[in-house]
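Visitor: Take each chain as given, in its own frame, and dock them per the hints.
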Amino acid sequence: MTFDFEIFLSALTSSEFFRGAWLSVALAAASMLFATLIGFGVALLRISDNRLARTVGGAYVWFFRAIPTLLVLLIIWNAGPQLFPALRENWFSPFLAAFIGFAVVEAAYMAEILRSALLSVDDGQRLAARAIGLPPHKVMLKVVLPQAVKVALPPTGNEFIAMLKYTSLASVISLRELLTTAQVGVSNTFRYAEYYSAALVYYLVIVTALMGVQTLIERRYRWVSSGVTTAPTAGTTKETVTV
Amino acid sequence: MTSIALLETIGLRKTYGSNEILKGVDFSIEAGQVKAVLGPSGSGKSTILRLMSLLEPADAGSILLHGKEIGVESGRDGRSIPLPERKLARERTNIGMVFQKFNLFAHLDVLHNVTLGLTEVHGVAKGEAVHRAERMLERVGMSQRMRHYPSELSGGQQQRVAIARALVLDPAVMLFDEPTSALDPELVNEVLSVMEDLAQQGMTMIVVTHETRFARRVADEVALFDSGVIVEQAPPEQFFTAPEHERTREFLSHIH
Chain A
1 MTFDFEIFLS ALTSSEFFRG AWLSVALAAA SMLFATLIGF GVALLRISDN RLARTVGGAY
61 VWFFRAIPTL LVLLIIWNAG PQLFPALREN WFSPFLAAFI GFAVVEAAYM AEILRSALLS
121 VDDGQRLAAR AIGLPPHKVM LKVVLPQAVK VALPPTGNEF IAMLKYTSLA SVISLRELLT
181 TAQVGVSNTF RYAEYYSAAL VYYLVIVTAL MGVQTLIERR YRWVSSGVTT APTAGTTKET
241 VTV
Chain B
244 MTSIALLETI GLRKTYGSNE ILKGVDFSIE AGQVKAVLGP SGSGKSTILR LMSLLEPADA
304 GSILLHGKEI GVESGRDGRS IPLPERKLAR ERTNIGMVFQ KFNLFAHLDV LHNVTLGLTE
364 VHGVAKGEAV HRAERMLERV GMSQRMRHYP SELSGGQQQR VAIARALVLD PAVMLFDEPT
424 SALDPELVNE VLSVMEDLAQ QGMTMIVVTH ETRFARRVAD EVALFDSGVI VEQAPPEQFF
484 TAPEHERTRE FLSHIH
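Sequence order for the protein chains is A and B.
Per the working numbering, residue 1 is the first one in the first sequence, and the count goes up by one each step.
Per the working numbering, residue 244 is the first one in the second sequence, and the count goes up by one each step.
Check the hints yourself; a few may be wrong.
What the hints assert, rightly or not - Listed next, the in silico DSSO-like pairs over lysine-lysine satisfying Cα-Cα at most 30 Å (straight line): (1) Lys369/B to Lys330/B; (2) Lys150/A to Lys266/B; (3) Lys344/B to Lys330/B; (4) Lys344/B to Lys369/B; (5) Lys266/B to Lys330/B; (6) Lys138/A to Lys150/A; (7) Lys330/B to Lys138/A; (8) Lys266/B to Lys344/B; (9) Lys311/B to Lys150/A; (10) Lys165/A to Lys150/A; (11) Lys138/A to Lys369/B; (12) Lys344/B to Lys138/A; (13) Lys330/B to Lys311/B; (14) Lys142/A to Lys344/B; (15) Lys266/B to Lys311/B; (16) Lys138/A to Lys311/B; (17) Lys330/B to Lys142/A; (18) Lys142/A to Lys369/B.
Rather than coming from a laboratory, the hints here were simulated on the basis of the structure.
Okay, chain B solo, but in the shape it has when bound (with noise of 0.2 Å):
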């Protein structure tokens, strides 16, 4: 007996030029859980992420929340046709996202990088907005830096600062993409620690990582992506110390 899922792929496939990056992937992730999606480089880990918030379409297949289908209408022979971007953005408020090199906006302060989705998508009143951030900013740990700039912040507080912009929001689950990937070595540990206190609270999380270590912890699953399809999925003891195919113990053995 499986309960619904929170967020589901059915069937997913994305074609760059004559390369086929996802070949008809089913994903899904439960309310509350943590997913570790692991995967060498180009094996379609980061574009399901990119299909999954919204922010490019699919060219086959479907991504449902909470079991309906999103990212797309019926169109009036009754066929699902791709949302105009601006209703799509209004979905993607559901889908929180983060990204490998942070992109907070330049122009902002930490405090406006969190506010503006909350008073320009929202239309949350400014001083609300200002009160929710605070508070957001204060649960990653950096409430002391709320009238920097992203210049003025190291990479591992402006990851910090760029998972309080998505959570703000109140989305219903967290994509993760590479969060740690483009930190030094010594401020990979306080970006985890956040997300691990997140995990623990209750956020359904998909990560896409080459933490292990983070995996086996904090993930309930972990999946390998080779060559757009996902070769094994596992509860982590599993994954890590008596994976079922040779694959996996080859991806395991190169990054140990």
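For reference, chain A alone in the conformation it holds in the complex (with noise of 0.2 Å):
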């Protein structure tokens, strides 16, 4: 058997995979989303001064990196609906029980991404934006959040594309996303390497866009002007500065 470039191709531009890559890019960025709101929670309350929220969200984090995520798919999908009739109706669907699931375990990876960017930013900024009258969501979202989140880009990065790659574990639940539309067509036709490579092209395509896509929010937190062509102090990238 040889490698049909047909089949690969007609593969690779039909609309089941389309679909099914639609399908993990939205779920990946659904759930990314709301795992970094969530995260930001938890990692607030992980370096409050409070003990009872220290202890709240160190127990998040504790619990929701401890089990799988497979484990909590299943759990919500298949346990779910047996513990609350509400979730038996038909709007409860394999994307948003998955949706639920990745949100919630990844927001504790981003809660220790998101604490450790808010303790990496200077106490003096902390010091100066209290000095200058701000109150303290102020100084928060407006001085120590914006630069925390320079610190948190790169992993976060890191965290989306496995994500994506995750939405995989979607199919025990039924969700036909980008691998399990492969799979399928493999069951159907045992041509496994066309299948499979044209699964393979829209990953790296995806990859691609994504780390495009971060290169290009990195530079907008890159804090130098325009036109400006050395970099005096120390603390500065050394990257050249174009823009």
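Guide: Right under this line is the structure:
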């Protein structure tokens, strides 16, 4: 059996593959967005002065890092409707279940990334923000958080890419994302190489696009003026500034 | 006959762990005065600025601005209790603070470092804030660098922007915490000359510093802190040439 380029191409351009890829990207993006929001809240609990808050935040991170994501998905999809009749309705789709599962698990990891990013911001920044009279929430939103985001961006990019590939776990709750789409194609035709290659190309294209987006975002967080060609003081990046 | 103090501390105490840094300090400054504060490290001179700028609570004693106690409110039993952070933040705008390490906001360019307090604390409209910030940056000689980020500036330039950032909020008094200690020697003078201009324009200033020449030339009074108390306080001429206390003589002999 040789590699049939026709089959590969028709798989690559099929609406099933496109739909599968779209599901993977949408699931990863939505989950990541909510994971970041929940994770920020958990990170704030973790660095709070309040002992109870720190304990709650710590417990969240401990719990969701300890249990396998696969188990979380199975619990939400299979055990959920048994325990809560409301979840037996049609609106409770595999996509929604997977979204909830990925978001709450990923939030534990994002909480740790954001916690260390928040702690990495120099104390003098917080002090100066308080000194000019900013109230506590603005000290966080206007001064500390923007600087923490810069630190959190590269590891968050890692998480997003990992998340994209983890979406294949959702096949166990019958979500037909990208990898499952390839698997279904294989089981119908036994053309392993062609269908797996098509999936591979999709993943490469998607991750390349994500990395491009990440680079664009990181460029916005360089904090250098345009047209400045020298980086005079320590602590700045060694990159030459063009823009 | 003494006039009413602009900023005054009464019996100010502060302890970190088992280390009593301020042992009941009475300190005051009148409107338009410049006071230089000298002292060895750990003497409490920086701590008193932190307390007067309401960045940290005192353990005991009070701070008065225009004769009115700040940083506290009266609790239900009539005793004064520290204000919550949100209300403290409001009162801080009356007191400008300049730090040894500048602490410019790294993610904002020079202009936005200066407008942030105006727009986010005083609710000044964007255009008006930019206008006022530009004027202030001109005053500290930084109007050519408004679009630069802190990492692109020298230490002296950063400190001048930091002065503008505090000044633009129109504080009643400016506190300087060793403003030139983190600077390369050749950059010290550009910051001191901005401060001297400020003093000549009538700004009330408390300057914790090691620059004795600046203290001698600009200050109306010089105070020596040691071990949490004010050892001596006198006009610069007397302080530097005929100090009353042995401790002052000893301190001066080390820095000259």
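Visitor: Run every hint past the structure and note whether it holds.
Guide: Hints and how they fare:
1. Lys369/B to Lys330/B: Given that 30 Å is the threshold and the Cα spacing comes to 24 Å, the pair holds.
2. Lys150/A to Lys266/B: violated (43 Å)
3. Lys344/B to Lys330/B: OK: Lys344/B and Lys330/B at ~26 Å, within 30 Å.
4. Lys344/B to Lys369/B: Cα-Cα ~28 Å, so holds.
5. Lys266/B to Lys330/B: The hint holds at about 27 Å.
6. Lys138/A to Lys150/A: holds (18 Å)
7. Lys330/B to Lys138/A: With a Cα-Cα distance of about 13 Å, the restraint between Lys330/B and Lys138/A holds, given a limit of 30 Å.
8. Lys266/B to Lys344/B: holds (26 Å)
9. Lys311/B to Lys150/A: violated (43 Å)
10. Lys165/A to Lys150/A: OK: Lys165/A and Lys150/A at ~24 Å, within 30 Å.
11. Lys138/A to Lys369/B: Distance of about 17 Å is within 30 Å: holds.
12. Lys344/B to Lys138/A: Roughly 22 Å separates the two Cα atoms, so the pair holds.
13. Lys330/B to Lys311/B: holds (15 Å)
14. Lys142/A to Lys344/B: Holds, at about 20 Å.
15. Lys266/B to Lys311/B: holds (22 Å)
16. Lys138/A to Lys311/B: This hinted pair holds, its Cα atoms lying about 27 Å apart.
17. Lys330/B to Lys142/A: Holds, because 18 Å separates the two Cα atoms, which is no more than 30 Å.
18. Lys142/A to Lys369/B: With Cα atoms ~15 Å apart, Lys142/A and Lys369/B stay inside 30 Å; holds.
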